[in-house]
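Enquirer: One-letter residues, chain by chain:
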Amino acid sequence: MAEKQTSVGKRQKIAQSNKTMFFWIAGMSAVVGVCAVLAWFLVQQLIFHTKIANEADKTVSTITKNKTAVEALRDNIRALEVNPGLNAVKAEPDEKALQVILDALPADNNNLALGSSIQKLVGSVTGAKIEALSTGEQIGGQAINSPVSGVEIIPFNMVVTSNDVNALKEVLQNFERSIRIIDIDNYVLDKSDVSYKLSLTGHAYYKPAVKVELKDKVIKP
Amino acid sequence: MKKSDIAMIILIASISAFIAFAIANSLSFFTPPSSGEKVKTISSYSSSVQEPDTAVFHTDALNPTVKTVIGTDSQAN
Chain X
1 MAEKQTSVGK RQKIAQSNKT MFFWIAGMSA VVGVCAVLAW FLVQQLIFHT KIANEADKTV
61 STITKNKTAV EALRDNIRAL EVNPGLNAVK AEPDEKALQV ILDALPADNN NLALGSSIQK
121 LVGSVTGAKI EALSTGEQIG GQAINSPVSG VEIIPFNMVV TSNDVNALKE VLQNFERSIR
181 IIDIDNYVLD KSDVSYKLSL TGHAYYKPAV KVELKDKVIK P
Chain A
1 MKKSDIAMII LIASISAFIA FAIANSLSFF TPPSSGEKVK TISSYSSSVQ EPDTAVFHTD
61 ALNPTVKTVI GTDSQAN
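Just so you know, the protein sequences line up as chains X and A, in that order.
Take 1 as the starting number for the first sequence in my numbering and just add one per residue.
Take 1 as the starting number for the second sequence in my numbering and just add one per residue.
Simulated from the structure, these hints should not be mistaken for lab results.
Warning: the hint list may mix true and false statements.
What the hints assert, rightly or not - With the Cβ distance kept under 10 Å, some of the chain A side facing chain X (calculated, not the full set):
hint, residue
1, Lys3
2, Ile10
3, Ile12
4, Ile19
5, Ala24
6, Thr31
7, Ser34
8, Ser35
9, Glu37
10, Lys40
11, Ile42
12, Ser46
13, Pro52
14, His58
15, Asp60
16, Gly71
Unchecked claim - Heads up, simulated DSS-like pairs for lysine-lysine below, C-alpha to C-alpha not over 25 Å straight-line:
hint, chain 1, residue 1, chain 2, residue 2
17, X, Lys65, A, Lys40
18, X, Lys58, X, Lys215
19, X, Lys51, A, Lys38
20, X, Lys129, X, Lys215
21, A, Lys3, X, Lys13
22, A, Lys67, X, Lys90
Unchecked claim - Some but not every residue of chain A turned toward chain X, in silico, with C-beta under 8 Å:
hint, residue
23, Ser4
24, Ala7
25, Ser14
26, Ala17
27, Ala20
28, Phe21
29, Ser26
30, Ser28
31, Phe30
32, Gly36
33, Lys38
34, Ser44
35, Tyr45
36, Val66
From the three backbone atoms N, C-alpha and C, an ideal C-beta is built for every residue, glycine too.
Chain A with its partners taken away, still in its complex shape (with noise of 0.2 Å):
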């Protein structure tokens, strides 16, 4: 085989390529989205908690939270 049969192969081989490169380009299904696909994932919690702090949970600490009432109280004597 001669060189310019070779050389006649690698370019028959690389035009080929590119057109079959051009062609499954432009059809979507060979390409995947390039906007990505949505994949639904959720985030992880374990079991374990943490005890309250004594440093602000002890019997000395202030709770100022004032309890709101709507309406009339049902359990008000």
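Next up, chain X with everything else stripped away, as it sits in the complex (with noise of 0.2 Å):
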């Protein structure tokens, strides 16, 4: 009877152990549950954190690259000022040499310059006169875009006439000669009792100054 009563206890005492460990192994598989989300939230925060940082890290690189290569651009487009290419077509002979660059492609849309630059390479031309000139506007056709990226265009429309159709010759090699480059887009050359009419569109280019600053770049997670 004793010994029948001992086996009951151990049965109970069992019983009741495997049921703490139960609880136990429970609560712990919860709290490994828990730790697992709450690491893989973490692991994003890290990945989208150790971005930024990746990416704070390159601009300051950019920043440090940049700033040793300033001293070595100045001094290179320095002696730009005494390239005998830029100093041969200066506009006025106190100019400085760089400026040629700016005369040749201007950094704005500056459609009146355009005119006058113009007006310019067809007035050197001994009977050459100009009937219509306007700049800035496509008239009729397919828009033009600029074959360069970062380059854009100005167009213009020209009716010049002349009674020696050498002098409208000359206007066109006045045209391939400058610095400014002058593409032609088409052209109508008509031919009076007394006159010769040369009907042109054509595009100057300009290119937007560049800025050099800090800008803002979104890093998603």
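Now that you have both chains on their own, put them together as the hints suggest.
Expert: Right, dumping it as structure tokens:
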């Protein structure tokens, strides 16, 4: 009888300890589940902040490189002041040679300056007369896009007349010799009894100034 | 340990993980902002300068630029 009571007590104790063990394991598994989820979120945060830190690091490194490059760049630009090609085509003798680069490719969309330049190119030809000139407007046909990225175009339309066809030829040659690139898209040459009429559409170029400044870049998770 | 106990443990772990996920997902400091974060960047430039093209800039070339003078030109004679 006493033996039976002992075995029942043992079984009760085993069942009790099983229950306790189950609760502990269940509790710990719940904790592990929560920790796994939190770890996942922390890893996501870590990856995201590493991306941001890498980008910021890249910016600092670029600024450092730019800082060292600026001195050499300044010297190289200064060296262009003595370039014979630039000095040969200065608009005014007292101008700086570097101004010639801006004359060839201005930094702004200045229609009036282009009009003046075209007048100068045509006006230097004896016998050629501008009948009509408009700049900045695309008349008819398809819109022309710049073939070079970052460089914009200024369209123009012009009618030139002359009694001598060679004068019109010289006008086109002047366009070709101009340091400011002028491309002719389309032209029509009409001949009347007394004169020749050259109607042409073309375009010149300008390149907006590039600003080197800090810009915001959005890093997505 | 019985199979039913193991299944129960897995269920408890899953439910707690799901609840933790739901709570953490609703708290802003646990999740990176979906709109992203702004970082300052800058473009690099090199010190090299291209030599002017001799096909464009030469002695026979024309500079059609017209000097614009606003008011009176103090340098004029």
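Enquirer: State for each hint whether it applies.
Expert: Quick rundown of the hints versus the structure:
1. Lys3: Result: violated, 13 Å to nearest chain X Cβ.
2. Ile10: Hint holds; A:Ile10 Cβ to chain X Cβ min 7 Å, cut 10 Å.
3. Ile12: Nearest chain X Cβ about 5 Å off; hint holds.
4. Ile19: The hint holds - A:Ile19 has a Cβ within 10 Å of chain X, the shortest such distance being about 8 Å.
5. Ala24: 5 Å, holds
6. Thr31: The hint holds - A:Thr31 has a Cβ within 10 Å of chain X, the shortest such distance being about 7 Å.
7. Ser34: 7 Å, holds
8. Ser35: 8 Å, holds
9. Glu37: 5 Å, holds
10. Lys40: Since chain X brings a Cβ to about 4 Å from A:Lys40, closer than 10 Å, the hint holds.
11. Ile42: A:Ile42 check passes; min Cβ-Cβ to chain X is 5 Å, inside 10 Å.
12. Ser46: 6 Å, holds
13. Pro52: 5 Å, holds
14. His58: 6 Å, holds
15. Asp60: 6 Å, holds
16. Gly71: 17 Å, violated
17. X:Lys65 x A:Lys40: 16 Å, holds
18. X:Lys58 x X:Lys215: Answer holds: X:Lys58 to X:Lys215 is near 13 Å, not above 25 Å.
19. X:Lys51 x A:Lys38: 11 Å, holds
20. X:Lys129 x X:Lys215: 49 Å, violated
21. A:Lys3 x X:Lys13: 21 Å, holds
22. A:Lys67 x X:Lys90: Judged against 25 Å, a Cα distance of about 11 Å means the pair holds.
23. Ser4: With Cβ-Cβ at 10 Å, over 8 Å, it is violated.
24. Ala7: 11 Å, violated
25. Ser14: 7 Å, holds
26. Ala17: 3 Å, holds
27. Ala20: 4 Å, holds
28. Phe21: For A:Phe21, the interface hint holds, since the closest Cβ of chain X sits about 5 Å away, which is under 8 Å.
29. Ser26: 12 Å, violated
30. Ser28: Hint violated; A:Ser28 Cβ to chain X Cβ min 12 Å, cut 8 Å.
31. Phe30: 5 Å, holds
32. Gly36: 4 Å, holds
33. Lys38: 4 Å, holds
34. Ser44: 5 Å, holds
35. Tyr45: For A:Tyr45, the interface hint holds, since the closest Cβ of chain X sits about 6 Å away, which is under 8 Å.
36. Val66: A:Val66 check passes; min Cβ-Cβ to chain X is 4 Å, inside 8 Å.
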